[in-house]
Structures are given as structure tokens and as C-alpha cells.
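Line by line, the protein sequences are chains A and B.
The letter at position 240 of the first sequence is residue 240 when you use this note's numbering, and the numbering goes up by one with no holes.
Take the position in the second sequence, starting the count at 1, then add 472; the result is the number in this note's numbering.
Read the hints as simulated data drawn from the structure, not as lab findings.
Don't take each hint at face value.
Stretch by stretch, here's where chain B covers chain A in the computed footprint (C-beta under 8 Å, at least three residues) [said to hold, decoys possible]: (1) 85-96; (2) 214-228; (3) 382-388.
From the structure, some residues in chain B lie toward chain A, with a derived Cβ separation under 7 Å [to be verified]: (4) G771; (5) E775; (6) G920; (7) Q1258; (8) V1343; (9) G1345; (10) F1349; (11) E1358; (12) G1365; (13) A1392; (14) D1427; (15) L1431; (16) L1476; (17) Q1479; (18) A1482; (19) A1490.
To give a feel for the contact side, a few chain B residues facing chain A, derived at Cβ under 8 Å [claimed, not checked]: (20) G770; (21) T797; (22) L856; (23) E857; (24) G1045; (25) L1048; (26) L1323; (27) L1413; (28) V1472; (29) R1478.
Beta carbons: idealized from backbone N, C-alpha and C, even for Gly.
In case you want the letters, here they are:
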Amino acid sequence: MTLEPTRRHFFGRAATGIGVTALASLFERAGLGAMLPGLPHFPPRAKRVIYLHQSGGPSQLDMFDYKPGLRKFQGVDLPGSVRMGQRITGMTSGQSTLPVASPIFEFKQHGQNGAWASELVPHMAKIVDDLTIIKTVNTDAINHDPAITFIQTGSQQPGRPSMGSWVSYGLGSENENMPSFVVLLSQAHAINTDQPLFSRLWSSGFLPSKYQGVRFRSGADPVLYLSDPPGISRSTRRQMLDGIAALDKMRSEEFGDPEIETRIGQYEMAYRMQSSVPDLMDLSKEPDSVFEMYGPESRKPGTYAANCLLARRLAERNVRFVQLYHRGWDQHNDLPRDLALQCRGTDQPTAALITDLKQRGLLDDTLVIWGGEFGRTVYCQGKLSQENYGRDHHGRCFTMWVAGGGMKRGQVIGETDEFGYNIVSDPVSVYDLQATIMHCLGVDHTRLTYKFQGRHFRLTDVHGEVFKKILA
Amino acid sequence: MKKTLGIVLFIAGVVPALPADSNSAIDFSREIRPILSDNCFQCHGPDEKHRLANLRLDIREGAFAQRRNGSIIVPGDSAKSLLFQRINHADKARRMPPAMAERTLSDKQIDLIRRWIDSGAQWQTHWAFTPPQRLEAPAVSNAKWVRNPIDAFVLARLDHEGLKPSPEADRRTLLRRLSFDVTGLPPSKAEIDAFVNDKSADAYEKQVDRLLASKRYGERMAMQWLDVARYADSHGYHIDSHRDMYPWRDWLIRSFNSNLPFDRFTVMQIAGDLLPNATQEDKIATGFNRNHMINFEGGAIPEEYQTEYVVDRVETTSTAFMGLTMGCARCHSHKYDPISQKEFYQFFAFFNTTSEKGLDGREGNAKPFLKLPTPAQESREKELEQLIKSTQAALEAPEVKQAQQEWQSTLAAHPAALNHDGLVAHFEMDGSLVDSSGRYQHGRTLAGDPTFSGGRIAKAVGFDGQTLVSLGNTGSFDRGDAASMAVWVNYGGAKQPMPVFEKIADAKSRRGFEVWFDEPVLVAIQRRAAHVMVRLSSDYPASAIEIRSTHRLTQGEWNHLTFTYDGSGKAAGLLLFVNGKPEVVDVLHDALGGPLANQGELLIGAKEPDAKTFSGSIDDLRFYSRVLPASEVDYTAVHYPMRAILSGIGGKLTTNEEARLRDYYLRYVASPDLHTKQANLADYRKQSGKLQKEILTTMVMDEEEKPRETFVLGRGDYRNPTDKVTPGVPAVLSPLPAGVKPDRLALARWLVDPANPLTARVTVNRYWQMYFGLGLVKSAENFGSQGEPPSNPELLDWLATEFVQLKWDVKAMQRMMLTSAAYRQSSRVTPELLEKDPENRLLARGPRFRLPAEMIRDNALAVSGLLNPAVGGTSVFPYQPAGIWEELAFGDGFSMQSYVQSHGPDLYRRSMYTFWKRTAPPAQMLVFDAPDREKCTARRLVTNTPLQALVLLNDPTYLESARVLAARAIEEAGKDPARRAAFIFEAATERRPEKREIAVLIKLARQQMAVYTKDSGAAHELLKVGEAPVDEKLNPSELAAWTTVASAVLNLDETITKE
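Sequences are here, hints too, so could you generate the full structure?
Right, here's the structure in full:
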């Protein structure tokens, strides 16, 4: 017996006497993509999100936020009038001076909008007309753990659901063979840095655990325990599942608990995932031209480049929220070398993802987000020399970009001061960014709530305004 | 424990959990207050600062207040009530709640409020803040069903709803349910048989008593408290290395097994350290409030995290014991409950006086902690302390000091001298790169900025990894020349190999010589060590000598290195000395065929692109055009520096130099006895350091001598302290007794004072939740205004008062629940009942719930016979897919950055002993809804997902259990497939299968028997899963086939469900 749980299957049961409550719960719990009632709140511009998180804090000053005036301040202590007593991390608060380090990289203007980008990101530079570059994202956090937890969950302290979980909870899934929130992780290209990551970043927090992100890993088991064990063939597995279903069904008739019927459905979905996920991960049918576009590392599973390609394949399969993490952006020292390594490993595949989505007509309803948990300081950490410098964490302004679903294209938003230290115009807080992402998905961030401990929690806590300037 | 979550959000959002019959009186607490709270209190509630229209609806005075245009509520007259006028206003712009509130009242809710007002608007203070009312057990329709007062309250409710209880569950089902609930494990076959065959009237009660007396009971009780207490084996933030809190966890198990009364249990955990004559156990118990996450992220600000730790204690303590969400009053006064921001910080003040540091925990437990040495460790510790003290005293005797002084002054009169024969270069590095050999080959900086500071002989030159120095054409020698190089090196550490010196012609042939450190290993946190490499090359690698030291030199330590070369062109002619002693080396290349001489510059660092330059320090670099004999090397490394120091070369002696002189004197000059003592002292100190690391500790609470002051923090931010506060409890609850010092002990006693309306209710509710799946108050974590009202308030109050009357006897309380007729009901459900009461709040049937994550795994281990019954101890590392930790980890020598799987019996410990790393918790437990233990969790949600299916089908733990269970079936149930199938089924579910069920399993067995007979290779593959040995006597194909059957059975809904 093969069970194919479909919407009809469950509606079919309705006629046999299960009441509307039980039916609706069955329907919902079977993971068949139910949105919360009332959602979307308005017509969405994006159906899905690909969030390219660059963990560690990429240096905006060396990549996008061009400050030619810094050359004349090279080595000069950052004026107190700029810093204005802003708290800085324990790593540089003990330094006797905070000398300005002018980036050593060349900047040029690109695209029709003349956006500045450095020589580190030649591929992204070519697609600036597809991006909205926001130079004025800001966060109150100054260390990795709180900053990354904040940008992913809306709170610096642990315990809240991640953005992907909120989206998955609110909007459900459009593919019954795939989780709605998928996480892909890749290791650093830089030599010196090694920031940890935490599973809380894709945790469902106080939401039910089925909304937690599911990690897809390179290797034999792309999802934990996905593969049949050695010695169990597909047909044996099928026969086992049929046996399990037959026995569960008997129990269901006996006990009447709808949970049993749901479980039968989950086993079938697991079986389908056993082919749908490997099919997704199998890049062998991609033509050479695609690998050329994403760069040489895209053939190597588990790399950022391969993950970018997987992100496109997940978008094709309508997975709601694809979260990438790339480690290694924490350039406290040896920035010129390590930042260049990071960019060398990520620039081409990132740009390729945008181009690829665009070519396939997916960019219109896919929102892509690029950025770290904060930026880096204009002043040098450690010793400043002509060739070498490091930068500490900087949350007061940093650069992120968004592209696709619902966003204007080819815009550069926000101005920072001549030191790239403070925001001059158009500040975008992390909450604002989160509100805007939700907006693109047709979600009013103030209305997607979950009652926990008596409070109606939401991703943006009690903050956040949709940043309308960047919306198409 | 909401299983049907999505739906309840939109249905229960508008209908109270138990819809009231429209004719009966409206219950304010259950039906009206929740509406007001959820829709109105945000702006018209306790938070004074954000209150609008000066209207307060959470208290009677506000709700019935007179306004200029009438009364808010006019009892008996909804039309005249301003409240009703506004919620029912025809003009949408005037209607409450307003659009900005994101809340709307349904017609049904508006109607309820109307009827409540019209029927007299009876008002009650929030139920949970008033003391429990103990009512007599009500009269019921069927007194025979009632086994104890619980049943009377349950049945009265069913009578009211026109429902009847279900019959008692059959004995097998009942004992399985009871065993899981009380011990977390399934009953054995013998236990089932004994119960099934026990004809005595109190057969069931005897089982309850047996299980409550089992030592498994303590483990099961601890399991639920570990969630509440956010117990973990790692710190949680950022690097997330290990901590040792299992002494606290083991205390917990003991305390439950010894049936510690709940009041004592509470006082010990909150304030055990403050009890008069506090015992070790009392102190260990306070670890409850140290289980929170702890941070040591580099650069983090200590005050920020110290504040978070205290906030966590407030949140955890208030949730665990009082079901209060006090954390909501951190930034502003509570929006729903009468807890002001000031009161939050008064509560905070109780927990803010511990001698903790904001950033701590790099090497394990964070201060304060309690040492728990074994008796042997304790005596060894004392012994070493004594030895160190006495040896030190002997070495510091005045006569020894005086003798040293005399020796020093004698020596100072004789300037230090080395044999300068063949000295071709000498860089003292005492502030410049000058060559003092007389050849004037001064060095120069090529990149960066070398620094000069304290070295081995006066100053040394420091390199930061970005600095490159050239010493010109120094140290040139050819294949046939004799040469020596002597230098002090302090290795700065790096993640890659690191050059020190090179003098080569070009990067391809590498003609010349090089000294470098090879691939390092981590020896401690962020501390590396590496071998020294020396290469003489003509054309690398074909024509070169290359040697490697057997020892690794450690980052941050000074070592003297010398190599001598005799011009033989053989590796045997290249000697390496470390600190004056010949070093045994590995020879990696020994074929130097051509010339070495080159015109390259001698570099400190390297000039290849991408390579790391040297980081560390260099001192007193010498080149000779001869082979230094061993004695001269020894003199240069050991004796000469002391003489140089004493000659006053670096000015006044530094503390460090004094210590070195003293060590040198005791080792080489003083009597052999003192020499031995000095060596012993170093050894004792080493042993003592090692012992201190080995002694188990556990984190505890204490009180600082000068307690930290507490301030209200504006917006909850540690940067905005405002008004100073002292410890205190919220005014809405009973006050602290007069005259008592307001400290943690007073707080602890206040929590379990019968006058506290919350603690007993919250606690009995959590027990109820353990057994019935849902608490009488479903929101076990929130008894406040926004929590769910109790489904049976009379029962809850009766239980709470009974608990106090029982003197907080936990087992007695639980025994009462477990022996009730309500608990013993069958959990079968009819479509009608499912429709009327989908969540079983009325209890017309027994509980049916999927087992918690831990029990699912423990069941598989138990029914297969693999379970290791050991109680307590260090946490273990069962099977886990490779890379789960490593892909997220920081590394660099911190603990628990990579997962090292256990072997043998540790693979089969109960799941509660699995090492809990917060940033990457046990994957299969998270899939089954275990929380991540970052915060206090009072109830788990239960989901049903495909990932759960994948775990049960493919995780080696379950396959191994299936294989071992199948082997038992083959060995114990004979040849008949039906008996084997029944054996497996009964083992996993405790139920005898029906014929049609057996038929399904036999069919599967036959299918797979055919498969594995044909493909014995596949059978062998399958049997290799898991480390438990396979009985060689069994036919592999047969065992594989039955393994698939057992695996299928372990996947049944029934197997993982408490029915």
C-alpha cells in the first residue's frame, strides 16, 4: 500500500465524520503548506527569501562604502567628535590610539547608477544595477554572539525564533517534499578568522520545533539521517514503510487519535524527501556553463559557491526561506590578505546567483539579502602599516544589499560621514530591515505574532518600520 | 503541550478553551478577564507609563470608575457602560480596541461581555494572585467511580458537560503508561506479567508504590526539571566550551529519590548556601541559579553579561516557582500583570550580589564554584600544599639568600665572556639591529616595525607577523664549510608553519639555509607548539639536508637554539641543540650534493607572498665559522646569560631576571641538596596545578562581601542605571515577613510560605502536566493575566492546598494523581469526544501523548536490552553524525569544539546523560521537540514531522536496538515467525499483537528474508550498524530480515506513544 497524502485525501476524510477542528489540524499538521489565516496580509512581492549571511562582519569600508577622504587621515587618531563616546569592544578599548586606516583597495564606480565598489568584488560590481546597496544598516550590538543573534532573531539574547522560522510559521511551505526553511553553511576562506556559529540562529525558539531550519549538508546525508542505512534498499524501505503504515492504520481505527493519521503522512513525506533532497543536492546535471558562472569552487560540495548554486535550486523548488552562512569575515588583523581571500571565495558565486535567478525569471519573486551582523571600524585594530591593518567590530553603520522580489534595483541608499563612522542620512536599523523583508513577503511585521508567556511576540519586538525608500 | 497548534491559534483565539453554556453564569476569571487582558491591558493595564486615557481595566477600581460621562462598567446595564459602548461602537474609528492595537473583539466576545455586565458584572481579582480556596469534594453522579477527591472534581465537571469517564485502561497499557510517567522507562515483561496476574484489590497501587520507590524515579523527575533549570554541559554563548554541572544534576536525582519535600528542595536551590551550617549538598543545590548561559567572547563588555545572568535568574526563578513572566517588566512595567519595573529590579537585587564575573568560563566552570575533591585528591592537595610550603621555606632561608648574594657579587666582578673565535656575526638586539662582531653587517627593516623590549640578555627584538628584517649577507657558508648559529627564539604561534630565518638564493632551489617552525598543534587554549626545522639546501628537495626536532617548542616560551654544521654534506654533520642540550632529530632529507653558498640576504621572516612572516622574539643571534663544541653550546645557552645579566648589561635587574638568577643559582651553584629541593619545588607546583585541574567543581551561588548595588535600568539596559533599589518582592503577592533580612534565604522561604498563592499551584500543575500531557493550567509557564485560566480551578486549588497539607511531600502528591480513576482511564477517543474536547481538557479519557525525546530513545535501548542502567556521573557522547559540532565550532584549543564519540557501555546510557552542548544540542533530541536549554522551559510543544521519521528509521541507535531486539527474538521465541513477530511487538509496545498485526509483520519478514538470502552482502552491511557485537551463531540473512521487522516496530506510533 502506498499512501499519497494529498489535500484531497484529507478533505476526503472530512466526509467520514472527523469534525472541522480535527480536520483542519490534520491538514495543518501534515505540513501541507498551510499559511496562517489572514496571511499574507497584502499581496507579496517576494515568494521566497535567500539570505546570504556573511558571518563575522565584512568590512564595508574596503568593499562598498567608499571614503576617499580617509587617505589624508591615515594614521590619525579618530577624532573624539566623531566617536562621541560610543562604546567600543574590549579588543580595542585598551588601545592608546584609534588610528584611521584608509583602505588599500582601489574603488571604481560601476553600473548605470555609478555605485562604488572596490577591486575586491569585481563580480558584484558588474551587477550593481540589480542591487539596492544600503550603506546605513545599524545595530546596537558590538560583539558577534549578540549581533548575529539579533540580526537573525530580532533579539540580542537567545530564545527567539529566527527570521526563517517566523516566515515558515506564517507562510508555510509551497513544496510538500521539502522543508520550508533550509540552512546551508560554508567554511571560511580567510586564514586568521574562525567565528563560531550556533544552531540557535536557525532555531524556532518558542515556536514549535517543526519551524526550525533544516540544515542541508554536503556529503552522504544531506539531511540528518536522510539516507537509508547500509544494507537497506529502496524496496526494503518501501516495504517497511508499508508495514508501518498498515499497523499504524489499524491503531488509528482502534484509538481514533488523529495524531496517528498525521504520523502516517509524515512517514510518507520522509520517504519523498529521501528522493527529493538528494535530487536537489545532485549537481551533476547542471551544465558546465553554470559551474563556470558560479566559479570553480561550485563543483566542490559544501563550499559557498556550491551553496549559492543550491540556493538557486531551492528557489526553483519554491523553498520559502534559504539561509546561507559563510564563515570567516572577522578581520581583526591581516585584513588585506584575509578579506581578499574571503572575497575571492564569495564574490563570483554571489553575483552568479543573482544573474542566474534573473535569467530564470526567479529574481522577480525571490528576495536576496547579502550582509554580515555588523561592519568594521574605520580605525585600526593592532598595528597599522602601509600594507597591513585590522579593523574591529562596528555597528553604527554597515553595508548590506538586497536584490529582487519587491526591491528597487540599482539604488544606493544612505550616507555615512567622511569617516564612515556615523550615519548622515537614511538610517536603517536591523528591525527596519527585518520589517522590510517581511513586508516584501506580504507580511505586516506588527501582525505576525505568536503568544508566548502571555506576550504577543513578533520578530521585530516593538520596533521596526518598513523602509519604503527601497521598495519597488 | 499543544499538539494541534496552528489550528488552535485561530479557533481558540476566539473561543475560550471550554465554551460556556449560554445559560449558565459567566465566570469572570475564565471567560471575561482573558478577553480584557489580551485586548485591553496593553494600554489600559498595569503599566503606568504607557497607560492611555487614564483608564485601568486590570483592577476593580479602574473598571468601575466614574468618568465625566458615566461609569466604565455599570453592573446590570451594558448599554450604560462606557466600556461596552466603546467596544460595540458603530463608528469603527471610535470602536475599541483601535486599529493600532492590532486586536479585534469577535462578536461572540462582545456578546459575552454584554451578558456579563447585564448579569451583574461580578468582578474578581486575578485568580492566581489570590490564595487557593479549598472546597469540599463535590457530589457527583457516580460515586463509585471516585477513588480519591481528584476524581470527584473531575467527574463533577464531566457531569456538568454531560460526559462520562472512559473505562479503565487494560493492565498492560496502564502499567506502560505508569512506568513511563514515573520512571521514564517501559516496564519489563516480568513486571507486566506480575501485574496482569496480581489478583489483589490493590494490585495497581502496589505498582505505583514500587515505581515511586525505584531509583529511576529520580532520573525521570530530574528530566523535567533539567528543562526548567536550563541545565547544560556547555556555556552557551559564542565559543560554548564545557562546564561541569553534573554534580548539581546528580544532586537533583538524589533529592527526588530521597523524596526531599518540595519546600526544602526550593530553599536549597535558591539559597542553600545561606542556610545555617550549610552542608556541601546545600551549596551544590544552588547551582540551579548558575545553570544560565555564560559568556567570555573576546571584547564583550562584562557588565552587559553580568546583567544578563541576573535577568536570567529572575526569569527562571519566577517562571519555575511562580509561573510569572517577570522578565516582561525588565524594560517597562508589566503590560498585563501588576509588576512594576521597579519591582523587577527589586527581585533582581536578590540575585545580584554573587561574586561572579561578567566574562568567565574559558576553562570550565565560572566563579564562584565549589571544589569537590575525592578523599584521595583532598589529602594529596593538602600534602602538596605542605610540601610546597616547606620546600619554599628551605629555599628562602636567609642563609641561602645571603650565599646567593655573595655568589652574585663575586661573579659580577668577573665579566661574562664567550670564545669569540670564528664569530662572524653577532646581533645583540638590545635596541637596534647592529652587528657587534666587528664586521658591521647591520640589519635593516624591510617591512613593518620591529620592537625592542625585555629579552633573555637585556632586550630582544619583537616581530608581529607583519615585520620583515634583513641582516644582509650574513651567515654565508658553503657545503664544505663549518658553521654554527646560536640564537634565543620565542615562538609567537600561528595556525600555519612559520619561517624564522632564511638565507636562500631563490624560492625554487632554496639554495642556502632556513630555520622555521612546522605545522603547529594546539596544546592549550589558543596556545600552539611546533617542531623546529633546519634545512640546508642546494636544490630543494633533490639536494638538501632537512632535520626536525623531536620536541615541540611552545608558544610564548624562550628557547635557545643552536645548530652546528661540520661541512660534511651529511645530515649526521648537522646538529641541533635546544637550550644547550643536543636534540634528537628526525632526518627528512639527507642528500646534499651541491653548493650552499648564495648571495641572498639573511631574513628574519620570509619574503614569499602569502606566507606568514615570523611572529615572536629573537635575542642574541650569533654566527660562527666553526663547529661549536657541545660544552660551548651549553655554556652559551645556560651559563653565559646569567653572567651577562650580572655584568649589568641591561641595567637594574628586572623581577624576571632576579627569578632566573635565583633558579640558576639553586640549580648550578648551590649545594646538591638545594638543587634537589629546587627541582622538587618545580615538580610539586606542576603536580599541584595538574591536581587543581583534575578536581571536580560545580558552580554555586554565594554572597559577595561587599554586595553590588542594584539600580533600575532604564529600558532594561545596563548602560542606564537610574534609581537605586534594595531586594523586595512584588506588592501584589504576600509580603516578606517583617524584620527579616531581605536576602535570597528570605526569598526562598517566602516562595514556599503557604501564603504565597502561586508556588504550590504552579508545582502541582507541573506534575499534572507530566502525567496528563497538559496542565490544568495549560500555560504551565504563565499563571499571569495572559496565561490560560485553569480548566478545573477547584481541582487545582484543592491539589495546591493538599500539597501544603501534605507538608510538600512530592511522592505523596504524585501518588494521589497516579492512583486516581481519572489517570487510569483508557485513552481511546470517539469522534464525538474528539470534536467536543480535542485537547482532553475535561478528562473524559486518559492521556495519550507521544513520548518526550529522551524516552523515545531510552525505550529503544530498554526493550532491546542495551540500556546501561548507571545513574549519574559525567555526560556521555552517543552516536552522532560526523561534523555536527565541528562545522559550527571555534576550535583553537577550547574544550568541546569537536565531538569525540563514546564507546562501549557509555553508548547506551539514558538520554538525559547525553552531553548537552547548547550551540549544537543532540540533533535527534531537538527533532523530537527537546528545547535547546538556553532558557527556562516549563513545557515542551509536541510536533509531528518527517524528520522524526528519518531519525527513527535511520539513526544507528534505533537500528542497533532493532538488531539486538531481533537477535533476542530469534534466540528466545523459537522458529515460528508468528512467535518471533509477537515477541518483538510485545517487547516494544507491551501489548500482545492481534493476528492481523502479526500477519503484517510476518509478511515483511518473509519479503526481507528473500531479499537478504539473495544478497547476504546487504545483510552483513546492515548488521554492521552499531557497535554492539553480533552473535556469530545467527544466520546473517535471517537476522537482517528480522532487524527490519524490529525496526518497523520501533517506528510504530504506538511504540513512541504513551497510551
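Evaluation of the provided hints:
| no. | hint | result |
| --- | --- | --- |
| 1 | 85-96 | holds (count 5) |
| 2 | 214-228 | holds (count 10) |
| 3 | 382-388 | holds (count 5) |
| 4 | G771 | 3 Å, holds |
| 5 | E775 | 10 Å, violated |
| 6 | G920 | 6 Å, holds |
| 7 | Q1258 | 3 Å, holds |
| 8 | V1343 | 29 Å, violated |
| 9 | G1345 | 26 Å, violated |
| 10 | F1349 | 16 Å, violated |
| 11 | E1358 | 10 Å, violated |
| 12 | G1365 | 11 Å, violated |
| 13 | A1392 | 5 Å, holds |
| 14 | D1427 | 5 Å, holds |
| 15 | L1431 | 5 Å, holds |
| 16 | L1476 | 4 Å, holds |
| 17 | Q1479 | 5 Å, holds |
| 18 | A1482 | 10 Å, violated |
| 19 | A1490 | 4 Å, holds |
| 20 | G770 | 6 Å, holds |
| 21 | T797 | 4 Å, holds |
| 22 | L856 | 35 Å, violated |
| 23 | E857 | 35 Å, violated |
| 24 | G1045 | 37 Å, violated |
| 25 | L1048 | 29 Å, violated |
| 26 | L1323 | 12 Å, violated |
| 27 | L1413 | 5 Å, holds |
| 28 | V1472 | 5 Å, holds |
| 29 | R1478 | 10 Å, violated |
Hints 5, 8, 9, 10, 11, 12, 18, 22, 23, 24, 25, 26 and 29 from the earlier list are contradicted by this structure; the remaining hints agree with it.
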